[in-house]
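S.K.: Top line first, the protein sequences correspond to chains V, E and A.
Positions 1 to 80 (this note's numbering) are the ones given, in order, by the first sequence.
Positions 81 to 440 (this note's numbering) are the ones given, in order, by the second sequence.
Positions 441 to 712 (this note's numbering) are the ones given, in order, by the third sequence.
Calculated from the structure, these hints are not laboratory results.
Even glycine gets a Cβ: it sits at the ideal position worked out from N, Cα and C.
Among the hints, erroneous ones may be present.
[Unchecked claim] Residues from chain V that face chain A, not an exhaustive set, calculated with beta carbons under 8 Å:
no.	residue
1	L16
2	Y37
3	P60
4	D61
5	I64
[Said to hold, decoys possible] Chain A is nowhere near these chain E residues, computed Cβ spacing over 12 Å in every case:
no.	residue
6	Y104
7	I194
8	D427
[To be verified] Rough simulated footprint, nothing fancy, chain E against chain A, three-plus residues with beta-carbon under 8 Å:
no.	stretch
9	470-484
10	518-525
11	557-568
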Amino acid sequence: MSRIVLLEERCKGCLLCTTVCPRNILRKSERFNHQGYQVVEAGDNAAECTGCAACAVICPDVVIRVFRTRKARDGRGGDA
Amino acid sequence: MSDCLIKGNEAIAFGALDAGCRCYFGYPITPQNEIPEVLSALLPEAGGSFVQAESEVASINMVLGAGSCGIPAMTSSSSCGISLMQEGLSYMSGSHIPGVIVNMSRGGPGLGDIGPSQGDYFQAVKGGGHGDHRSLVLAPATAQECYDMMFRAFELAFKYRNPVMVLGDAIVGQIKEPVLRRPPADAPGAAGLEERAADWRLEGYGRRGPDATPRLLKSVYLAEGALAARNRLLQEKYEAMKAETSVACTDVDDADLVVVAFGSIGRIAGSAVRLLRAEGCKVGLLRPVTLFPFPEAALQQLAKQGKRFLVIEQNLGQMIEDVRLAVRGIADAAWHGVMPGLFIGADALLDPIRDALREI
Amino acid sequence: MTMTEDLLAPRPDEELVFDANPVQADRITHYCPGCHHGIAHRLVTEVLHEMGVAPQTILVASVGCATFTYDYMLVDSVEAPHGRASAVATGVKRARPDRIVYAYQGDGDMGSIGLAEALHAANRGERITVIFVNNTVYGMTGGQMAPTTLLGQKTTTTPKGRNMATEGAPLRMSELMAQLDGVIYAERCALNTVRNIRAAKKAIRKAFEVQRAGLGYSFVELLSGCPTNWHMDPVAANERIGKDMIPVFPLGVYKDATGGRPDGAAKEADHE
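Just chain V, with the same shape it has in the complex (with noise of 0.2 Å):
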C-alpha cells in the first residue's frame, strides 16, 4: 500500500483534496486545530492509497506528504 501523511496544523479545511482523491479516501474530520480548522483526515480505507499525489497537487498549503510504495517488478523493493 502507498500512504499519505496530513500535516494536520498546516491544514485549513478547505476540501479540495477530497474532490480529487481517486479512492475518496479522504474526508472531513471532526477535529479542530491550532488554527482554528476542522481539518480533513483519511478514512477508514486508507489502505487503498495509490500514491497518486492528486490530494498532494491541489492542496494550498502544503500539508500533504506522499510515500509510494514501490512494486515487486521494480526489483528495487525491499532494503532500498
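Chain V is fixed; fit chains E and A onto it per the hints.
M.R.: Below, chains E and A without anything else, positioned relative to chain V:
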C-alpha cells in the same frame, strides 16, 4: 578631465557618469532633456544601462529596483514628472533604498511653463510623498556645481540608503558655462558605492556563501509597534543627515542684512549683493546648498549676532517658512518673491534688498 | 522521534513522491482556505528549486493579497508599490542582468493600476518573468471589481453585477501580451484541477527557462480561486473556474517565440 563648455544638464550627466551611476531611467520633459540625451549615448558605452521609461511613475520604480540591488541608479525630470514620482520616493525612503533624482523644475502649478521657478521647494524638502518620507536635497547654482554635486548626491544616497534630490531649474539646467570635469580624489566610484551596499543589497543569496539567507527590502510593517520602530529608525536617520548641512556664504561677517536665497536666485542675489557692496551697503548672502537638511544652525548663529534676514525666492513664499522657523525668537525675516517663470537680472533685486536694509 | 516524524520517514519499500520544497518557507500562509495563491507559490518555488536557481533569484513582490509572498518564497526579495512590480523588476534586471528576476502580480496590480508598466516591460522584452494571478477580484481590500471581473459577477463595487455598458468587459492579459514583440512566451493556465495544476507547473518552468536562456520576456497567467470574495466554499470556487472563468479566459499557449529554444523546450500544453 578637461575644461568644457556645457549646459548644467550636461554637467549633471557627466557628473553622474563620473560618480559611478550605472543605471538611468527617465521620461522626456523640458527643461532637462539633455540629461537623458547625454546618458543614452554615454552610459551604455560605459557598461551601464539606459532605459527611456514609459512614464515618470515607471522611472522612479526602476530606480527603486536597481537601487535595491545596491547599484548606483538615477532618474531626472521636472516638476510635473517629479510629482508622479512621489509614491516611489516614499517607498524608497521607507525601504531604505538609495537613488538620485534630479529635478530641473518648471513653473507651476499644473503644466505651468518651462521658465525658472523654485515652486517645488516644499515638495522637495518636506518629503512630497506620503508618510514621514524625506529626501536629502542639494541645490546647485552653477554648471560646475551640477557636475560636482552628482558625486555628493550618490555618496549621500548610499551613505544614508535614501533618495537624494538635486533641485535646479531652467537657468541652472540650461545655462552653458565652463566646467572642470574633475572627479574628487576621494570619489568612491561605482565599485566603491556598490561595496557600501554589501551588507544589504539584493543579489541572489547564493552570492553570499553557502549559509546565506534571503534578504528582503520592504516598507510594510503591520505588526503592532513594528511601524513605530521603523519610523524611529527613519527619524534617527533624518537627524543624522544634519551633519551634511552646507551653505555658501558671501560677505556675511560684517553684514547687517543677510540675503537668503538658493539655486539660480541665490546666484542672481549674489550679483545684487556685490553691486550693493560697491555702494557701501552692509549686505551679505547665505546660499543654502543643502535644502534638506536645512541650514538652521548657521542662520541661528547669524541671528544671534544681531543680523537680519531677507529671503528671496522664485515662488509664492516657501523657504521663508523654514528661515523664520530657524531664527524664531531671535530675529525676523523679510521676504521678497519673484514670480515663477520670469527671467530676472540682479538689478531687479537691488531695490528689494535696499528696502529691507532700510527697515532694519 | 515524535509520531509525525516517524510517519514522515520513508519505509524501506517506499518512495517519497510528494514533499515540500526547500525554496518554499515552512510557514503557514495568511491566505484564506482554498485560496490558490498557495498552489501558485508552491509551483513557482518547486520550479526554482528544480532548476537550482533560487540562490541567483530576485523576487519582486506586488501589492494585494500577494504582498507577503516574500514571506513564503525563500529568495532575495523587494517590495514594489502597487502596480509597479514590472517596473521594479526592470530596474532589478537592468542592475543585475545575470540574475533570475520575476514579479508576482495579481489582476488589480498588473491589469489595472500597473497595466502601463506591465505592457511596456513586456514590449521592451525585459528578460524577466511575470507570474500573473487572475482571480477576478480585489482580494486584500475586500472583494471589489477587478479588471478581470466577469460580466454579471457581483462584487462589493458592482453590487448588481459587472455591466458591460458601465464597467466594460474583463481584460484578457494573455491575449494582450501575445501582441507584443518583446514577449517570447505567454501562457494561460488554471489552478482548479490536478491536470491543470501540472500543466501550470510546466508553463512556469518554461517561462523561467526562457529567462535563463536570455530570450526575452515570459508571462504565465494563472486562473485562480478566491472563495472568500466569491462567497463560495473552496470546492464550489474550483468548479466556477471551469464553468465560468475558462470560457472567458481560454487556456493555452498564446505566444511561443522560442523557436524550440531553450533546450528541453515547449511541450504541448496539457490543459483540461
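S.K.: Please go over all the hints and tell whether each is borne out by the structure.
M.R.: Taking the hints in turn, this is what the structure says about them:
no.	hint	in the structure
1	L16	6 Å, holds
2	Y37	7 Å, holds
3	P60	3 Å, holds
4	D61	5 Å, holds
5	I64	7 Å, holds
6	Y104	10 Å, violated
7	I194	25 Å, holds
8	D427	47 Å, holds
9	470-484	violated (count 0)
10	518-525	holds (count 5)
11	557-568	holds (count 3)
Violated hints, in rising order: 6, 9; the structure is consistent with all others.
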